[in-house]
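S.K.: Taken in order, these protein sequences are the chains called A and B.
The first sequence begins at 39 in our numbering and counts up one residue at a time.
The second sequence begins at 2 in our numbering and counts up one residue at a time.
Honestly, I wouldn't trust all of these hints.
[To be verified] Among the chain A residues that face chain B by a calculated CB cut under 10 Å, a handful are:
#, residue
1, Leu44
2, Leu47
3, Val143
4, Trp156
5, Val164
6, His167
7, Ala172
8, His178
9, Glu180
[Claimed, not checked] Have a look at the derived ranges for each label pair, beta carbon to beta carbon:
#, chain 1, residue 1, chain 2, residue 2, range
10, B, Arg4, A, Val173, 12 to 22 Å
11, A, Glu141, B, Thr8, 39 to 49 Å
12, B, Asp71, A, Arg168, 41 to 51 Å
Worth flagging that the hints you see were computed from the coordinates, not collected in a lab.
Using N, Cα and C, we set each Cβ at its ideal position, and we do this for glycine too.
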Amino acid sequence: MSSKVLVALRIKAPPLRVFEVFTADIGAWWRPNPLFSFTPRSPGVLAFERTGEGTRLVERLSSGKVFEIGPVRIWDPGRRLVFGWRQASFAPGMDTEVDVRFEPVDDETRVTVEHRGWDTVPIEHVARHRFPDAVFLQRHAEWWRALLTSLASQAAMDVQERAKEGDA
Amino acid sequence: MPRASLTSALCYRDPKAALKWLEAAFGFELVMLIEDNDGNLAHSEMSFGDSLVMIGAEWTEKHKSPASIDGFNTQSVHIHLDGDIDAHCERARAAGAEILMEPADQFYGDRTYRCRDLEGHFWTVGAPIRAVSVEEAEAASGLKVVKGWA
Chain A
39 MSSKVLVALR IKAPPLRVFE VFTADIGAWW RPNPLFSFTP RSPGVLAFER
89 TGEGTRLVER LSSGKVFEIG PVRIWDPGRR LVFGWRQASF APGMDTEVDV
139 RFEPVDDETR VTVEHRGWDT VPIEHVARHR FPDAVFLQRH AEWWRALLTS
189 LASQAAMDVQ ERAKEGDA
Chain B
2 MPRASLTSAL CYRDPKAALK WLEAAFGFEL VMLIEDNDGN LAHSEMSFGD
52 SLVMIGAEWT EKHKSPASID GFNTQSVHIH LDGDIDAHCE RARAAGAEIL
102 MEPADQFYGD RTYRCRDLEG HFWTVGAPIR AVSVEEAEAA SGLKVVKGWA
């Protein structure tokens, strides 16, 4: 799969904890972007339905409908998470994939998101908003950077709360 | 990470090779990479400390790597290090940097070295090792400090 964006960020928490926050708390740290909405009725609330491979990432809409963003292909806690990513407007054959790596660096976690396969979505497709390819990918990368920054805040908040519980 | 107001953007004939080299030599971390439909690098950013550099291709006729213009440089990036500069130099050497000047103490209080990377970009690296007064610096260098000595 080519045509990709890659974004990485260091987060002050151990890899397993960052993985747990990424998956279990995605509804809390996800920041919808109207340029990249999954369905015309978005935003809803994102969730991994269960843990483990074979589960799926979904968006639960306020209407009660559930939209499948993609199946989870690799679920390796603290190390790697791979899932499919489709928008409702994608035609058959259009498919992108998100590959997330969690690596320990010093006492932090380096989270790397690689979102690939945009070559399957033609330049003139509605999901690309008539942006030139480079502009579209740049905007998408900037969104992922904002998302990882939000994940980092959530993980830091989580570490503080657990520390307080430890004090009690 | 808050964005610094100034960011250097460097051109390479093979920017993907440069990303790997700069990580191995200087400890830079890749924080953004965008590839087009053909798998060519369209944009990338690496972080070091509180700063970024952008690593790109020769993206217009007038943007050239030193490797394409007989090794000439028209600017260079200086790395400010808080740490062991001799170890940093050894790491760069092991990754294939050509060391143009070995680590040496400077009159202004830094210890610095200078090297050339895989496509001929010059890099200087410095770390503060002692505080130097204006008077001492002027006496040692024969220069006149006009402004800006902390």
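S.K.: Hint numbers the structure violates, sorted upward?
M.R.: Hint check: 5, 6, 11 fail, others pass.
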